[in-house]
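Going by this note's numbering, the first residue of the sequence shown is number 6, and it counts up by one from there.
Where hints are given, some of them may not hold.
Derived DSSO-like pairs (lysine-lysine); straight-line CA-CA distance at most 30 Å [what the hints assert, rightly or not]:
1. Lys13 / Lys170
2. Lys13 / Lys205
3. Lys13 / Lys305
4. Lys184 / Lys170
5. Lys205 / Lys170
6. Lys184 / Lys205
Just so you know, these hints were derived from the structure itself, not from any lab.
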Amino acid sequence: MTRANNAKFIAGLQAQRANTADCRVFFIGDSNTVGLRAGASSWANPRGLGYVTQLSDLLTSVTASATGFIGNGNSGNQTQLRTMDGRLAFPTGSGWATTTNATYKIPGGIVISATSGANSEMVFTTPDAVDRCDIYHLTSGTIGWSVDGGSETAITGGTAGVINKSTLDLGSNAIHALKLRNLINAVFVVGLIFYSTMTKRVRLINAGAFNWLTDDWLDTASGGWSPGSNYASFGQELTVIHLTINDSNARADPATSMANLLAMITALRAANSDVWLICPQPISGAATQTVQNNYNAAIKALGAAHGCTVIDLMHDYATYAAWSGASLAADGLHPNFAGHTYVANRIRAAIDAIAAVA
6 MTRANNAKFI
16 AGLQAQRANT
26 ADCRVFFIGD
36 SNTVGLRAGA
46 SSWANPRGLG
56 YVTQLSDLLT
66 SVTASATGFI
76 GNGNSGNQTQ
86 LRTMDGRLAF
96 PTGSGWATTT
106 NATYKIPGGI
116 VISATSGANS
126 EMVFTTPDAV
136 DRCDIYHLTS
146 GTIGWSVDGG
156 SETAITGGTA
166 GVINKSTLDL
176 GSNAIHALKL
186 RNLINAVFVV
196 GLIFYSTMTK
206 RVRLINAGAF
216 NWLTDDWLDT
226 ASGGWSPGSN
236 YASFGQELTV
246 IHLTINDSNA
256 RADPATSMAN
266 LLAMITALRA
276 ANSDVWLICP
286 QPISGAATQT
296 VQNNYNAAIK
306 ALGAAHGCTV
316 IDLMHDYATY
326 AAWSGASLAA
336 DGLHPNFAGH
346 TYVANRIRAA
356 IDAIAAVA
């Protein structure tokens, strides 16, 4: 971990401390990044309880907030969508839903869509004071938005075939409830990132996607809004990549996954983002453990060769027996709430080390 390898992140931290700009940290990952099993069940508020949100509460060296997400986390149905984030609410009869249609594959999963009439409402209540929201969306229909029960405004304009960003002025710097509704035809929301023009923070943006491999993040089949065309496009100064558990279950040889990670590192740096890599926590199964050890060794070698900070979640727990014996496992693949706290603290320590020299 060096200043040179974290120059963009350090500049972002310096701007945040000077209260001149936010510093965005973008989390690319699988179900562990989503936060699965941090709650009582897989889809019980994982985004609200997982390590990305916990990290915002644990950080003291910087002022942070986890008030943004990209994608639906690859939640497979409406029930999962409605329980994955406690900050999101869908009134009874709301037509907002999710889909497994790969045509709408985006960074962090699939779009959130609404196709029915006037009752299609989605409300996001911010956990801290903000006055702006960047909404990322497609241009198929017209989205209506309102704040705290006020008058509704239509989002107009945009370019077909790509992810568009519209900045919404929420009014005063306060906790707000943003309501979105489809006004004309079907509408497709990619994500929301809230911020304050008055109080700059380190903005932690969750783009985890259930079941995804490194291959999914490079996928360009869905065209202009595909993950592979957009994962470096959210203005982040730092991208934290927490992948390869699903890769190691899909193929024993890490070579393809390391090539994928290198392609991501190259694209992210070209987009002015520093990159950190996470070696995942131990998972169950002796044969699986051997494969995972090979993957983690390859991640460390990749990070060393290309100047990426590497956070090794097996540093303190080299085996699944040690990990589960410390009561950090929800199942053979996912941390429980305490396990997510451990992950958050490991990332916090790395951020603290950079913040100390920023």
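Consistency of the hints with the structure:
no.: 1; hint: Lys13 / Lys170; result: holds (23 Å)
no.: 2; hint: Lys13 / Lys205; result: holds (17 Å)
no.: 3; hint: Lys13 / Lys305; result: holds (21 Å)
no.: 4; hint: Lys184 / Lys170; result: holds (17 Å)
no.: 5; hint: Lys205 / Lys170; result: holds (20 Å)
no.: 6; hint: Lys184 / Lys205; result: holds (24 Å)
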